[in-house]
Amino acid sequence: MNMSLLRVIRRLQSSFVAPQRPTLISTDAEKPNVEGREDANLFSFEYIPPQVQPEWHRNKLKYRLERMDCLRRRQAIDIPEFYPGSILAVTVADNYAPGKSMRFAGRCLYKDGFGLGCKFVLRNVIDNEGVEKMYHLFAPYIQKVELLRLEKWIDTDLRFLRDAADQSICEIDPNMQAESPLPKTEELPVYKGKIRLREIAMWEFLYHKQWPRPYNAYLEEHFIEEELIEREKIHWQTQSHLKYDICKHYDVTKIKAEIMDEMKDNRHRVDVADKKITADA
Amino acid sequence: MPRGMPHGNSFRKFGGPDKRLHLLKTLVNALIKHERLETTFAKAYETQKYVERLIDITKYGKSNLYCNDMVNFWVPEEAQQNKLFNVLLPRYSEHSRKYTRLAVLTEWTDKDMKSHGKMAVIELKGNPLPPLPVKEGNPHTLQNVLLAAAKQDWDYQRSNVKEN
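In the order they appear, the protein sequences are chains A and B.
Those letters in the first sequence? Residues 1 to 281, by the working numbering.
Those letters in the second sequence? Residues 282 to 445, by the working numbering.
Note that these hints are calculated values from the structure, not bench results.
Even glycine gets a Cβ: it sits at the ideal position worked out from N, Cα and C.
Some hints here could point you the wrong way.
Claimed, not checked - Pulled a few chain B residues facing chain A out of the computed Cβ check, cut under 10 Å:
| hint | residue |
| --- | --- |
| 1 | Asp299 |
| 2 | Arg301 |
| 3 | Phe322 |
| 4 | Lys324 |
| 5 | Asp337 |
| 6 | Leu346 |
| 7 | Phe354 |
| 8 | Tyr373 |
| 9 | Leu405 |
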């Protein structure tokens, strides 16, 4: 090769300075999670212990161990954050199903229970037939939990949807595409729509008259506002002992902070218990 | 504890849920007004729970919606509400455990008075009335001496840890 050409190449190589790569830092990580939507490893609805009266019957060690087990399960599978009213699809391992697994999509009616016993119910209307299935959130036979649509309703108990006049609320296409949920740094808008219930006979369960009254359901559209208020007042007078019985109310404000503090230590405790690290670390 | 605990319900019935609430409301208001009450043991035991829970609720402050709602139901009179917030709340701001004291009275041994049943006195701590003749434990027994020393050690340790 030509010597001058080599010299030029060497000079260019030595004077060449690679430009700095632009660092893409997103500021989303600096924003904290909104108060109602914390990281599931720190706080979730099922970590709150059940109300026990009198209080000294509570066994806090048992609750702590159960929360540690929930952490272990959350490591193995990704359980998304959802509320009653949101649409989910659950794949479950089944020995006798084709492909050894079964998928069911539906709208979550309610979420109940503590720790590993947390259950939720999905409802779907298939061929004009209502189908409900109950799942345990931390069951080992659950392979996947997909969140199709994240919705939050004012009521946490949506069993009145069984008696809705328009059943298309619970008609969910199993091949529905998942909609990306809002990030946890933003507050989730609450669904305030009112659903009309079909005409219910007196001997059936009157969802619109249970206490506490559902917000998202109504039976009659009242033209005379005073009539409705009178009826509400009479019903309220017979149920006021539930609203004002302060010793039976469950105060959760301080428990949440305690649980979040505890879950930060539980990560370490789980690793020590599983012998991944020694207790001194 | 009431006799038996049906379905984990550790409360007495007192003639129905509405009557029970009304009864407890009058007792709670009377306690706040007079600071010492003599009733049956059952009623005193239940009011103890409700008064302490009420004071815990008032600690959230008047601006809290829940606190306002509950206080307006349980203490409807203006004078008693003011006493709750202005006198009792600062008195119990540093109290760690209980705000009331329950002392059981001796039962009547006379046949004529046997229908009275077990009576008790419930009082708010720190009240201006002359103290109840409650029999405190003997501080000179071996157990109590050791317990007092242990408590002192514990307090000293905690104060040290706080400073460090």
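Numbers of the earlier hints that this structure fails to satisfy, in rising order:
Hints 3, 4, 6, 8, 9 contradicted; others consistent.
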